[in-house]
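Colleague: Residue strings, one per chain:
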Amino acid sequence: MRLKFITVRGTLILLTFTALFASGCNNSNKQDADDLPPVDTTQTTILNVYGEIFSIPSPFQTALLIKRSGAVFSKDLVNPANKSSHYSTNFVKALNLGIYGADLGYVTIYGQTQDAIGYLNSAKKLADDLDVLGAFDSQTIARFSKNLGDKDSILVLVGDAYRSSDAFFKSIDRSDLSRLVLAGGWLESLYFATNVYKIKQNEDVKRRIAEQKSSLRSLIKLLTPFYSQPEYTEFIDKLNDLSKIFDGVEFKYIYEKPTTDANKKLTTINSKSEIEITPKQIELITQKVKSIRSQIVE
Amino acid sequence: MKKRILKLVLVVGGFTALNYTTAQISDTVATVCAKHFENIFISDGQQYRALLMNTDETAEFHTTLYGGTLYRIAACSGLRDGNLIFSVYDTDRNLLFTNSEYKNAPYWDFKINSTLDCVIEAKLNGATNGSGRAVLLIGFKQQK
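These protein sequence lines are chains A and B, in that order.
Sequential numbering from 1 applies to the first sequence in the numbering used here.
Sequential numbering from 1 applies to the second sequence in the numbering used here.
Chain A on its own, in the form it takes in the complex (with noise of 0.2 Å):
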């Protein structure tokens, strides 16, 4: 009986104890961080990563440099916003999340501010279905409404928003989520590029492409702990097809000593690449995307 009651005693303590902790969290006269208590490891969630943690690059670079290239936009490369209805699992509705991102930083950067408002919609509305919290909130909708015409602003705020999510998923150990929607912004930007550099032959464009080969691996490697859930297998073996595309492609790294200049806090990295890719890899990788794209995107 007195074990009993002093269960019950000791959970409603721990109960108290986490509340008023969370609170002083909030609190906005809240103590430094030396005052924060120490991390019991048997109850954090967050992602203790022993080994290596990779990153894939934002789908908005690539758009940017599609921009700088001269070429045209074209509603043609988007996935139409108003699909976001269509997808029911969770695996194609984060994977979209990202292609929308995506498809959001392109027609941002080329000034399309109705298509955009309409993407962050479609954007929105499959977080809400994914359950995110915070990340597309009716702040966000606000801010972004507020700074539609500026694109430098608009693209703040969504990558913000998206490393929101990221942060979200992770939060909720559904990595596996936050890694879907990696994968579909980066595959929705080399769907771009190969696109685009079909109609127009740059150079820019082309080591583009062939810079993903890095990415795409690292990609693997953030999808491959979930290769045995069968919606991730079918994928993962595809984009281990357009890796092995990729292994034709020639990267030349060549070293130089950065220079640093302290005050501007501003460090020039003087190191050269080299790429070589021949036309015939990048009308295997076009093809690859496209059809592993249109799978998704359905």
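Just so you know, the hints here were simulated from the structure itself, not pulled from any lab data.
Given the structure is predicted, the values throughout are model-derived calculations rather than measurements.
Each residue gets a CB set at the ideal place from its N, CA and C atoms; glycine is no exception.
Among the hints, erroneous ones may be present.
Partial chain A-side listing against chain B, Cβ under 10 Å, derived [claimed, not checked]:
1. Ile56
2. Leu65
3. Gly101
4. Asp160
5. Tyr162
6. Lys221
7. Tyr227
8. Glu250
Given chain A, put chain B in place with the hints provided.
Modeller: Relative to chain A, chain B alone:
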């Protein structure tokens, strides 16, 4: 039976609240870190987190930095600047930068002339009592 259910609810609720609190702390560190982007750098859409239990542990982040781009890397642990040491290496392990030579600056900009793969290592500053939660953020803007 009712007491057992009550106990179960309380225990689950307690652990859920504790987990939520720990995630909130990480989000707070990330929010502080993101301020270094000054609303001018575009986030790459990811938040890189690692739990470093002591100053001997190192987190490794692999990334590709595109040529023609200006990047800002912000690295934080706790709410004070200077708690995290980060170093950038190329894949041949040439050291490109370390903030330990610049008072553990919480962020640094990198002008990339030609695309490269690199590895960013992060470890706790032994001189301060950081929280152990390392957060790394990468932002960019096109070089004009």
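Colleague: Taking the hints in turn, state whether each one holds.
Modeller: Going down the list of hints, with the structure as the test:
no., hint, result
1, Ile56, "holds (7 Å)"
2, Leu65, "holds (8 Å)"
3, Gly101, "holds (7 Å)"
4, Asp160, "holds (5 Å)"
5, Tyr162, "holds (4 Å)"
6, Lys221, "holds (9 Å)"
7, Tyr227, "violated (20 Å)"
8, Glu250, "violated (14 Å)"
Checked against the numbered hints given earlier, this structure breaks hints 7, 8; the rest are met.
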